[in-house]
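**Student:** Take a look at the letters that make up each chain.
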Amino acid sequence: MLYRENGQFKTSYRADQQIFPIAQDKAVIGALVAFAFLAVPFLASEYLFRAILIPFLILSLAAIGLNILVGYCGQISLGTGGFMAVGAYAAYNFMIRIDGMPMLLAIIMGGLCATVVGVLFGIPSLRIRGLYLAVATLAAQFFTDWAFLRIKWFTNDSASGSVSVAELNLLGWVIDSPTEKYLFCLGFVVVCAWLAKNLVRSHIGREWMAMRDMDVAAAVIGIRPVYAKLTAFAVSSFFVGMAGALWGFVYLGSWEPAAFNINRSFDLLFMVIIGGLGSIMGSFFGAAFIVVLPIVLDNLTVMVGLSTATASHLTYMIFGALIVFFLIVEPHGLARLWSTAKEKLRLWPFPH
Amino acid sequence: MSNILLNVNGIEVIYNHVILVLKGVSLQVPEGQVVALLGGNGAGKTTTLRAVSNLLAGERGEVTKGSIELRGERIEKLSPAQMVDRGVIQVMEGRHCFAHLTIEENLMTGAYTRQDGKAAVAQTLEKVYAYFPRLKTRRTSQAAYTSGGEQQMCAIGRALMANPKMVLLDEPSMGLAPQIVEEVFEIVKDLNTKEKVTFLLAEQNTNIALRYADYGYILENGRVVMDGEAKALRENEDVKEFYLGMGGGDRKSFKDVKSYKRRKRWLA
Amino acid sequence: MAERKIGDVILDVQNISLRFGGVKALTDISFNVREHEIRAIIGPNGAGKSSMLNCINGVYTPQEGKITFRGQTFSHMNSRQVAEMGVARTFQNLALFKGMSVIDNIMSGRNLKMKTNLFQQAIRWGAAEREESEHRAFVERIIDFLEIQAWRKTPVGRLPYGLQKRVDLGRALAMEPQVLLLDEPMAGMNVEEKQDMSRFILDVNDEFGTTIVLIEHDMGVVMDISDRVVVLDYGKKIGDGTPSEVRSNEDVIRAYLGTSH
Amino acid sequence: QAKEQFFPVLVYRTGAYAPNGVPWANGYVDYLKYTNAKGGINGVKITYEECETGYATDKGVECYERLKGKGATVFQPLSTGITFALTEKAPADKIPLITAGYGRSESADGNVFKWNFPLLGTYWVAADAILQHIGKANGGLDKLKGKKIALVYHDSPYGKEPIPLLQERAKMLGYELQLLPVTAPGVEQKATWLQVRQSRPDYVLLWGWGVMNSAALKEAVATGYPREKMYGVWWAGAEPDVKDVGEGAKGYNAVTMQHGAEPQSKIVQDILKEVHGKGQGTGPKEEVGQVLYMRGMVHAMLAVEGVRRAQERFGKGKVMSGDQTRWGLENLALDQKKLDALGFAGVLRPISTSCADHMGANWARMHTWDGKAWKFSSDWLQADEQVLKPMVKQAADKYAAEKKISRRDAADCQS
Amino acid sequence: MGFFLETFIGGLMAGMLYSLIALGFVLIFKASGVFNFAQGAMVLFAALAMARFSEWAPGWTGSDSKLLANIIGFVLAMACMVALAWVIERFVLGKLVNQEGITLLMATLGITYFLDGFGQTVFGSDIYKIDVGMPKDPMFLFESTFQGGVLVSQEDLFAAVIAAALVAVLAAFFQYTSTGRALRAVADDHQAAQSIGIPLNRIWVIVWSVAGFSALVAGMIWGSKLGVQFSLSQVALKALPVVILGGLTSVPGAIIGGLLIGVGEKLSEVYIGPMLGGGIEIWFAYVMALGFLLVRPQGLFGEKIIDRV
Ligand SMILES: Nc1ncnc2c1ncn2[C@@H]1O[C@H](COP(=O)(O)OP(=O)(O)OP(=O)(O)O)[C@@H](O)[C@H]1O
Ligand SMILES: Nc1ncnc2c1ncn2[C@@H]1O[C@H](COP(=O)(O)OP(=O)(O)OP(=O)(O)O)[C@@H](O)[C@H]1O
Ligand SMILES: [Mg+2]
Ligand SMILES: [Mg+2]
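Protein chains in written order, with the numbering used here: chain A, 3 to 354; chain B, 392 to 659; chain C, 236 to 496; chain D, 2 to 416; chain E, 63 to 371.
Chain A on its own, in the form it takes in the complex (with noise of 0.2 Å):
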């Protein structure tokens, strides 16, 4: 009814190849960000701006960025919590250390740093596969948790190995309030977004995906797999270090090597898998599936009256079965439950 292509003719590949090439989608997307510029700074509660939304919009860049390596190139990886911690610790030194480091040219130079980390230990990836670099990815964790530990001048000598910034300023504008730090954030994780987007429509983004389908096909028809796999490693731990930067600084404002421990990774491979493997929006999805989840089991269990123990043993439960009801009904993440959706409407109200 509302939703159909009927009538709407391409006259250029210019016009198909739009990041939304529907127009219903261009809306509604639009509608979207609009309203999450205009109205949210407005109608959203500081609880609701600290707790939920900003998390929320940090774990979506850094799922965006672990989507670009497992969900477009096909390379799992469990060390994700690391390379966000590279970001962190990284822009902190840029900040401290230069005098009059813009912050965000600190938190880029952050996701530089570990973009170089994650094309590091993205090198193995050249000669080993599947689950074993899962698990070798690891190594990336647990080195980056001891080294941040370990090696004091990461941490300007802080006794205890956790670190602090000081005010955030863009340009001047002093972000304080949670709505600041919200409209902030949105406003790079949006870019990054688009450029996410850009990237995985574009050839190199083919590139990922033809590794992961296939990489002997990739090959032969001239994709060179260290280009390809370093580049979305590199790619990969770049926003991922922003993100991670953004954690911390804007988030946490003081944090500790625990802060990116192996939990992390494995909540961001969770997002990216329950949200849609190769697929940007579906790093959407699944961060707020993941952030929001286990707060709203949380309170409503708290609600019903039951302990603290008990309600957190329950959302447990609940929050692991419900991981499993999703994986079954659909397996490839929310995302492709949102593209049958649109499929569904597309024929509406004709069953097929």
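Since the hints were derived computationally from the structure, they do not count as laboratory data.
Where a beta carbon is used, it is the ideal one built from N, C-alpha and C, also for glycine.
Certain hints may be false.
[Claimed, not checked] In silico contact screen, one side only, chain A against chain C (beta carbon under 8 Å); selected entries:
#1 118
#2 177
#3 188
#4 204
#5 212
#6 342
Starting from the known structure of chain A, fit chains B, C, D and E with the ligands onto it as the hints suggest.
**Tutor:** Chains B, C, D and E with the ligands alone, transformed into the frame defined by chain A:
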């Protein structure tokens, strides 16, 4: 007809909740016969076989309408393993050998459901090797490292190891050298006449399929568009033109074909 | 149909031997391919036909022997070099990128020709966008040519086998190859589809002057459309010549054709 | 409408650290219930809500955001990681943090850390008290010269906190310090204890949490290191740490945060009567009076007394805001008389804070596991202010510089 | 030299304990192609069940016999593991036939969450004790040769022997039974295995039960070493480098991998650790595994990774 082994009754199959592939397919396979299922790419042959052997679930497909009966028993709810227990086994399209197992191990897994003792299994193994001598020479290689044709033989041999009553063969000729294709069909005939094994085979190679089959169904776009005795089908002008490549009597050289898509109209 | 000019030797395979552990996949194989011709390789299952293509293609490294392509001689090439020199291929066991749409699969064949860097692609402004559109236009021509317009945006994993084969061909064509290696492009097709595919192959050969090396088990097709045929058996060459020569070769009849053809 | 003072309670009753988190939480909540049973804080009823953090920083932050909206009086995160994160947020929200016996050691400097209250002692206090004790046992601190002391620590900011002090002290006293980090959660310590066996230190200090403590003791048994030479921090000196080691842990010492296991104390008896006696106890009865339960109670008492003190200035029987409570905590004056009245006679020594000193006390005792219970084994020990003060100041200054904040002036101290 | 030996032997022992957990991973992977991240949770669950049941047993039977209590605990815990295997097959794996490895892996993470919550709800989250009478005191060898002797933990020795026995039995199961072959077939291709009549559901219940058994043994040994509590589920992380080093599909690989990792880890921590400030063993284990994988991407004994076109 009392000896109907398999009766497929107006089934619809949907993949992924949205893609409707079979739109009411009905067919019958009498006991002890070879029935061919013909049709172009994407007609739904594989899907039909999967529906019978209950392998649709793994592809996220489901039968939404109609019924399938084996000897009068409804079988839609059975698991693939239960189907094998009832003597119905499918040779999947695209080989699907167990890559890490050797050829012989592959064959032996086929005998998993057998209860009649080691000796009997060994005997069947010898029979399979006799049918496919090439497999015997490659028995210790991992299946993944054998050639495409060898894998095809392995897949067929593996199914035979179960001593089936009915075999669903999906594109047996694909990738086989011509004389092996002949051999495979000879084997089919052999099993059919000697051991009374019933076959339902999906084939693109219409020519040979109709030579060996008793009866044929032609499937296009998820519907049965024609069926009849194999002999009769072979004589049918449309079949000749579209499936045997012999428009106007003689076989045309592939070099000279210029396509004129009358077929599209025929199907509409 | 205009008479095709068959030119000089473009690809020369000399004394190739390939072993996998104890298995001798290829033993001392030599043959050549001339420009613009359609060269078929036939032989029983496991004869080493696919392995031969894999050697030319740089997927396998033969233990012995050399390959000369356009006057340059290699004992081993890596796949990318081969691709850059203009050799494309299709695969026997469908090696498509299953998760990608038809368009993306074929576009990926244009990969070598796309030059914009990572940053341009990320911003997707100017050059990157232009490039994308240009190549898309080319790919659309291939899609038209192969008559798969209706499936453009379908993930290839969902297509029936025969169409997947076409997409595989499309991806190879997108590379604008000088030599096209086809590994059983017609397996699993019915006669009509084989006719279509034959026509595609002949058209490619005609219109773009692409040299074609073809592996096929359907003797009808091979005999009809190829200019010369190599016959392999158990890794050895047992015949080489025009279709009619090969058809009457005793060894070939015994090893491969059987009596019925 | 009845006046209510809201206390958020961050707990971890599940996960790796639950065995330690649960008794603490039970003690904390029971004390709040007890206060209500006694008529609240000058008539102001206490309400509270638990939030499960699982010892994870991000969950802690979420809990903080959720509960602060409900008018939180004071937070006690019971996790070094969460403390670090909340330290950044508390000033903006004007909610004080009590981190009694944990958190940043330099946050004792109230001039920089306006909102942090590491009451009763920091890790530097703990470490110094242990050294004092060892010194005494050897007949003077100077006897430590030439000795070898190993620190087996949880490889995290928590475990690393005592290192600066121990190093400073090593320079002064001339002992050799060996650092042996154990990766969290500390289930595998074989390499660590092989190193201990090889270098044979005279003393081992144990800075662990959760399973790491009992695993360390078991490895000590397995490598034959004498438990009498082992000294734990107060987070490594409670029942869960030794319970399943049993006899093997006999002789193992730990420094206390003043209190130990005190089932006989008046407050415990009162709680048994007023809370458990009325069927309102949070955990099992046997737990009441154990070390971590006591700690939960003590921590709750500090929070309640902070509010009570604030009421003295801002109005008795009124609900105190976070800022007002901060003033109360900053001007705590719990003398012996008050403590005795509260039922903490023999459990705690007087505590008095000021704008500059947010710690309020630097006393500790040793207790030793006798196979069945923790028994005190030393007199009161006091950390050396001469050593600690400058270190705190220096570290706090560094923090202030990094964060670009300036020290509070006298006027600010009045607020 | 004495100390080197001590470290070396200590490493071997620790490695054996890792193997015990690695075994669970290998079993399930070999038989269903599932990389089972829930193995750690299963170890914890099994140990909790055994600890609690044997704690409650005297109350039910009225007898004080420790042996009896332990046996009851073990048997009931095993029953729990079989039930668990059945539930997992019925509600999770059975519905995910023919899905990609990574989806299955995520499903096992879901199971992990569920089990963590469920186990703690049913059995509590305190520290519990499993006491199967393993000797705690150290043993000294070669006291005449080296000063102070070479210390060996008797408890570890005990555990190592049990682990070795278990592995031997399981390796035989895979090698010499026809079920072993079917299991490997399932791992290669679910759908093809189904098509030839291998009943996936039954196979999976069997395999997960066997894995449950190995989890129970691991839980018993680790539990009596560490006490039974949540952290037990994290020892599974220690087994990860072991499985990739040994090869995901090889039972003997789990042992050799375990020994190599154990020794490498301890030696590195003791000899290199102090130079780098310590605490390096965890990542060193991975770096070591990585090093081996660069030479053999399928692990030491794993099945060759096949890529062919
Ligand atoms: N798993 C799947 N998900 C979605 N669609 C599918 C799936 N499998 C098959 N289809 C669709 O179902 C239709 C019929 O496919 P099927 O494989 O049954 O054809 P076929 O007759 O066997 O063709 P071929 O001769 O090429 O093997 C095709 O259009 C195909 O795209
Ligand atoms: N990577 C490999 N490892 C081991 N053996 C191999 C490998 N590749 C091919 N072989 C073996 O080499 C022989 C030739 O195989 P190839 O695939 O080239 O045959 P083919 O002529 O293409 O046969 P078909 O017509 O059946 O496809 C076969 O016996 C095969 O088992
Ligand atoms: Mg088919
Ligand atoms: Mg081949």
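**Student:** Against each hint, give a clear statement of whether it holds in the structure.
**Tutor:** Hints, verified against the model:
1. 118: At 15 Å from the nearest chain C Cβ, residue 118 of chain A fails the 8 Å test, so the hint is violated.
2. 177: The hint is violated - residue 177 of chain A has no Cβ within 8 Å of chain C, the shortest such distance being about 25 Å.
3. 188: violated, 20 Å
4. 204: holds, 4 Å
5. 212: At 5 Å from the nearest chain C Cβ, residue 212 of chain A passes the 8 Å test, so the hint holds.
6. 342: violated, 13 Å
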